[in-house]
Structure formats: C-alpha cells, structure tokens
Amino acid sequence: MSRHLLSVGPTTVPAPQGSDTAVRRDGASAAPAVEPLAFAGLRLVHAAVRRDLARIPQALRLLQPDDHETAQALKRHWDFVTAMVTCHHEQQDTRLWPVLRRFAPELRLLLNWLESDHHNLDQCFTRTTTLVGIATRDPASSWPVSYAVEELAARVETHLRIEERQLLPRMEGVFQPGSRIGTLPELLDLLRFADGPSASDALVWLLEGVEPAQIDRLLADCDDETVRHWPHWRDTYARCTDLLWGPAGQ
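Oh and the sequence shown: position 143 is 143 in full-length UniProt numbering, straight run, nothing missing.
Bear in mind the hints are in silico, worked out from the structure with no lab data behind them. Since this is a predicted model, take the numbers as computed values, not measurements. Please note that a few of the clues may not be correct.
[To be verified] Derived DEER-like restraints, expressed as beta-carbon distance ranges: (1) 235 - 174: 35 to 41 Å; (2) 101 - 235: 41 to 47 Å; (3) 66 - 172: 20 to 26 Å; (4) 235 - 51: 28 to 34 Å.
A virtual CB, placed ideally from N, CA and C, is assigned to each residue, including glycine.
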C-alpha cells in the first residue's frame, strides 16, 4: 500500500493513571484550547464511506452511453473515495494502532487482524477501481460492476462494524478527554501534509449530510482558516457532486 500520510507533530498519548491532562511524547502537558470531539475523524470517515458505497452502484447503473461528463465525474469521485480509504487505513496503522498496542496490549490480536484486513480491503479497492474505470468508459458493463461495488461495500461494512463495536468503546477508556488522536483536526492536519486528497475536499466530503448544528460544533474544533474557507469549499464541492447525486445529495 502506498504511503500518503506523514507524521505531524507529537502524538498525544494517554495520560498516566490519576492525571487529568493528556501527555505528549516529549513529556509536556497538552491542553487544547478547544476540546476536539472524540474520534470524530474516524466516525466521519466511516459514515462517508458507507454513504458513497451505497449510492455509487445506482449511479453506475444510471450511466448512459453518451453521458461522458457524468461518467468522468463518477470515476473522479470513486478515485477520491479510494484515496480517502487508503489514507484512513494509513492513519490507523501508523499512528493509532501503535499507541493502542502500547497502552492497551489486550487489543493486540484485534489490531493485528484489523491491520491485515486493511491490506485485503486495499487490494479489493484496487481491483474494483479497474472495474469502475471500465464501466465509466463503457456503460454497457456498468451493471455487473455495480454488483462488484456492492460486494465490496458488504466487506467494508463488516470491517467498520468490528471497529465500531469492538474497538471504539475500548478506545474511550484508553485516551483521555482532549486527545487529538482520531479527531477531525488531526485528520485534516495529516491530509495537509499528505500526497493524496486535499484537506478542503476531504472536509466537505466528510460533512456532507451532517446536521448544520453538528457541522458548527465540528468546525469549532478546527483552525480559523478552515472555518473561514468552509463556505467556499462547500459550494465548490456541491457544483462538482450535484452532477452525480443531484442538489443536496438527493
């Protein structure tokens, strides 16, 4: 699997027993000005991947032979989703799992399985990307390709449910409130230094369909530049995706 994510600053690790503050690897206390929503970055990626793997098969089936613009837009969006999944797996394998292995050694077997399944899923996405490329060039083949995407979605759903039901509840007992690990600000920081999807595209993709009040709470965790550019990023993303899903994803 190609590496997109780069290390960004010191990683926040669990605080020692009885401490009210998180501790960084350099020993200094880490108290963010705004406490990030716990694991929001991970949860938003899961929701966005589910959403798109559910609607892409229908978009494939609706492709018409002469609708080259929509076909190209769908292929670009598929490539974006695939890149986000790859970056998500890298974030977990290189930043999150090592910390959990150290501070929650009882999770090591589960983490080993999840990391191995990441590689398996990445290979599935690579094979499906080839098929989506064929379908968007030749819509006559779109129906069998849509079934392949649905099969991939079922595999992804199994993986996500294991993470959410077996891992996330345990993580809440490992990381102290205020840790940036797995949060939306950490994910955006990683993407800004990554050779992959842009942080602006990723943010709007992640927040598509989220309730406005919840978006405001999530943006409150982010830096001022992100908040300032959010309306422009949102409108630009909508102009690109309305072709595929219709206004407001309808």
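So, going through the hints one by one against the coordinates:
1. 235 - 174: 35 to 41 Å: Holds: the Cβ-Cβ distance is about 39 Å, inside 35 to 41 Å.
2. 101 - 235: 41 to 47 Å: Once the Cβ atoms are compared, 42 Å apart, the range 41 to 47 Å for residue 235 and residue 101 holds.
3. 66 - 172: 20 to 26 Å: violated, 52 Å
4. 235 - 51: 28 to 34 Å: violated, 20 Å
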